[in-house]
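For reference, the chains in residue letters:
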Amino acid sequence: MPENCCVQMKNIVKQYGGVYALKDGCIRLEKGQIHALMGENGAGKSTMMKVLSGAIQRDGGEIYIDGAAVDINSPLDSKRLGISIVYQEFVLAPDLTVAENIYIDHLTGTRGTLINWRSLNRKAQLLLDSLSFSNIKAGTQVGRLSVAYQQVVEICKSLSRNTKVLVLDEPTAVLTFNEIEKLFELLETLKRQGVCIVYVSHRMEEIFRICDKVTILKDGEFIGEHNIADITKEQLINSMVGRELKDLFPRGERIEPGGEVLRVENLSSGAMVNNVSFSLREGEVLGVYGLVGAGRTEAMQAVYGAAKRDGGTVAFRGKPAAFKSPGHAVRAGLGMLPEDRKAQGVLLKQSIRVNTTISRMGAVCNTGGFLKKRQEAKMVRELLDELSVRYADIENDVSSLSGGNQQKVSIAKWLFSQCSCIIFDEPTRGVDVGAKVEIYKIINKLVTQGVGVIVISSEMLEIIGICDRVVVMQGGAVTGELSGGDITESNLIRLAMGIQSC
Amino acid sequence: MEYSTIIMLVVLIVVSSLISDKFFTLGNILNLLRQNVGLVVMSMGMLFVILTGGIDLSVGAMSAFGSVIVATCLVSFGFGTVISIVVAVLSGMVLGLFTGLLVAYVKMAPFIATLSMMTISRGFAYMISNGSPIQTPIGTMNVIGTARVGVFPALILFAAVVVAIFFIVHKYTAFGRIVIAVGSNSQAVQLAGIQIKRYLVVVYAISGLCAAMAGVVSATRTYIGSPSIGTSMELDAIASVVIGGASLSGGRGFVLRTVVGVIILGLISNIMNLVGVPPYPQEVIKGLIIIAAVCVQGFTKRTV
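Going down the list, the protein sequences come from chains A and B. With this note's numbering applied, the first sequence closes on residue 502, and no number is skipped along the way. With this note's numbering applied, the second sequence closes on residue 1304, and no number is skipped along the way.
Hints listed in this document are in silico derivations from the structure and should not be mistaken for laboratory results. You may find that some hints are simply not true.
[Said to hold, decoys possible] Derived pair list, reagent style BS3-like, types lysine-lysine, alpha-carbon separation capped at 30 Å:
id : chain 1 : residue 1 : chain 2 : residue 2
1  : A       : Lys308    : B       : Lys1107
2  : B       : Lys1107   : A       : Lys349
3  : A       : Lys31     : A       : Lys218
4  : A       : Lys164    : A       : Lys137
5  : A       : Lys342    : B       : Lys1107
6  : A       : Lys164    : A       : Lys10
7  : B       : Lys1171   : B       : Lys1197
8  : A       : Lys308    : B       : Lys1197
9  : A       : Lys373    : B       : Lys1107
10 : A       : Lys373    : A       : Lys319
11 : B       : Lys1171   : A       : Lys372
12 : B       : Lys1197   : A       : Lys349
13 : B       : Lys1022   : A       : Lys324
14 : A       : Lys373    : B       : Lys1171
15 : A       : Lys349    : B       : Lys1171
16 : A       : Lys378    : B       : Lys1107
17 : A       : Lys137    : A       : Lys23
18 : A       : Lys182    : A       : Lys233
[Said to hold, decoys possible] Computed footprint of chain B on chain A, listed as stretches where at least three residues anywhere in the stretch have a Cβ under 8 Å from a Cβ of chain B:
id : segment
19 : 26-35
20 : 340-354
21 : 365-379
We put the beta carbon where it would ideally sit given N, CA and C, even for glycine.
The shape of chain A in the complex, shown without the other chains:
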């Protein structure tokens, strides 16, 4: 074991009722390094990190911290050993302040039974300042912060405890350009301080930018560890899935766009949407790009009827369509896949069957409102097979599916509703490489059938890869529109930051 090694996990096994989430999980972490952990969903990455952080207990294998074998039976054990984890879904209390959240498990300090608010807020602000985030104030309610800043608070929580190992699970999924840059600066600072960082992510460009090493898992097994400098992106992907890089963004055969499906003019809604205009034709994939806070989701929610419109017009299939609620939109043929899959996109505790048919129940009921269950089951199974959803039984809860398959069920709902236009808000967020490709193929198929598709995305490669046209938003307004060969990284960024493109 090298001198610098602070954590080693060997042959970790974890099973859930006969199914192995991990068969041979291994990783070797060194101080002052950023170590990427990659693998498809279901490969065992989150399981392995949960074992390390004490959230679950391993069934077999060993863990060594600084050379000594340890047993991590609870999150408290791992915290004491200096391990911290920041999950994709934050565990913050939105009604409490930043300082309260950071020091949530040691509010009263090392002595005393009463909280010293002045000292608590001061310590918290010092911590934030030292990480160059002084614009976050320690007394702000966390629920009012943007998602990106909430993540900074989460990281501070870990840092307030003298962390040796910091695990970040898909940290940039909810960040955009500027924030990602700041996060990377923060990680470099921590690296210099000797912290070991585990970077669990699907984002190739980022991994190649800041990580030193990468460990690959596949189907619960350790495949290999490499220095980033010694491996190429193609080789990485091949060892993860065996697929070639060029297949990552299949475009398929695009048809000639047809008639206009949606026309939005001078849309304004609340504080976030000021002046948005765009149009969409049948058979087109329109991308909506922008930095966080640009108002993309809010604009589409206003079109869909999920948020109040203050001004502007929306025309759907040529007719004025001032949708007052999502119900009106769905009836007209417009569907929207929300950004937050778990809270808004699916009903986690309901069955796959219920989730698939809920937007068009008329199709599976007779006139009395009675369900035609057998017919429904048939239709649902056909649709799920068409979308290559991996499931055991349509009666199982959606929560039993992996993230990618949950997203496909969310998409299945709109396909079942026979929409002529679907808005996808971050369709591949938190979805593994394999399922991402399948979702792009689904989008391709939709447009060849004449459906109009809007894709809100923060991933530039995704936008460039699958969109025919792109509108870019900044500060609640559309700053520009790109099509065909003009859709380039530099054009997208310049428009997103409000710099006029030539």
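Dock chain B against the given chain A, drawing on the hints supplied.
This is chain B only, laid out in the frame that chain A set:
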């Protein structure tokens, strides 16, 4: 896996039969069922409200309201039996509709909205009856209360029909499914294009209807319409629904198991009466058994 409620019932039946030989007689069982017809009907309405993640504290007061309305129609207005019952039931539905509007459109918390309706309904009941019970004429309520089909009291069959209707709606209709979905995640259901406000209003209207019906049932057994009945009956209804495996946060609940919950509650009182437990300790024991029943529910849910 979902048999915990039934197992509890079987255990209680066995224990009761061992404790008292008067328990497992046709007369006692029929009596037990007959006494709980009102609560069964009320619990059906409560179940649907709880499925949406809400609660209805007004049902006890609304049953008093229903019993007073039916008696007043018979006595003061001289309406026929059927019409009086229909008026009473519809009045309950109207009050429930108002509650539903408060919850769905004014966006009041169900606890507060139904707490207020509880006081209002009780007030109406006292106002209409002038504070005293109203004797219903011979040949009206007593006919229904004593009617039999073979050996079974008509009231029990009526309860069975009501339960069957709710069972079918819960399991086999789009309405039932959406009610469950709304309680499971109302935001996601709304974004899926469903107008959830309508479903909320209907669910509280149904609860009001069932509560008033329970009041009418009470009138058929006591032959009077009384403004003071049903106090804390809403708690029995909630307990039955929860013993039947429902989640108070919504999205989960069962018709038949709620009925078993009602029977379990009734059985506890029944056996304690047969054995001669004084009334005050009965309340303590009943509460403890409810705690035990819900714990068993919670335990089996976690192991599933």
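Quick rundown of the hints versus the structure:
The straight-line distance between the Cα atoms of Lys308(A) and Lys1107(B) is roughly 17 Å, inside the 30 Å bound, and the hint therefore holds. For the hint linking Lys1107(B) to Lys349(A), the alpha-carbon distance of about 24 Å falls within 30 Å, and the restraint holds. Taking the CA atoms of Lys31(A) and Lys218(A), the gap is about 25 Å. The hint holds against a cut of 30 Å. About 26 Å separates the Cα atoms of Lys164(A) and Lys137(A), which keeps this hinted pair within 30 Å; it holds.
Taking the CA atoms of Lys342(A) and Lys1107(B), the gap is near 24 Å; set against the 30 Å cutoff, the hint holds. Among the hinted pairs, Lys164(A) with Lys10(A) is consistent with the structure: their alpha-carbon atoms are about 19 Å apart, no more than 30 Å. This hinted pair checks out: Lys1171(B) and Lys1197(B) have alpha carbons roughly 21 Å apart, not beyond 30 Å. In summary, the hint linking Lys308(A) to Lys1197(B) is supported, as the alpha carbons are separated by about 17 Å, within the 30 Å threshold.
Under the criterion of a C-alpha separation no larger than 30 Å, the hint pairing Lys373(A) with Lys1107(B) is inconsistent with the structure, at around 34 Å. With a C-alpha separation of about 36 Å, the suggested pair Lys373(A) and Lys319(A) falls outside the 30 Å cut-off, and the hint is violated. A hinted pair counts as satisfied when its Cα atoms are at most 30 Å apart, and Lys1171(B) with Lys372(A) qualifies at roughly 11 Å. Taking the CA atoms of Lys1197(B) and Lys349(A), the gap is about 21 Å. The hint holds against a cut of 30 Å.
A threshold of 30 Å between alpha carbons decides the hint, and for Lys1022(B) with Lys324(A) the separation of about 63 Å lies outside it, so the pair is violated. For a cut-off of 30 Å, the pair hint linking Lys373(A) to Lys1171(B) stands: about 10 Å separates their Cα positions. Using a Cα cut-off of 30 Å, the hinted pair Lys349(A) and Lys1171(B) holds, with the two alpha carbons roughly 16 Å apart. With a C-alpha separation of about 39 Å, the suggested pair Lys378(A) and Lys1107(B) falls outside the 30 Å cut-off, and the hint is violated.
Taking the CA atoms of Lys137(A) and Lys23(A), the gap is about 45 Å. The hint is violated against a cut of 30 Å. Distance restraint check for Lys182(A) and Lys233(A): the Cα-Cα separation of roughly 24 Å lies within the 30 Å cut-off, and the hinted pair is therefore satisfied. With 0 residues carrying a beta carbon less than 8 Å from a beta carbon of chain B, the segment 26-35 of chain A misses the three-residue requirement, and the given coverage is violated. Against chain B, the segment 340-354 of chain A contributes 9 residues with a C-beta closer than 8 Å to a partner C-beta. That satisfies the three-residue criterion, and the hint holds.
Counting residues of the segment 365-379 of chain A whose beta-carbon sits less than 8 Å from any beta-carbon of chain B gives 6, enough to reach three: the coverage restraint holds.
Violated hints for the displayed structure, listed by number in ascending order: 9, 10, 13, 16, 17 and 19.
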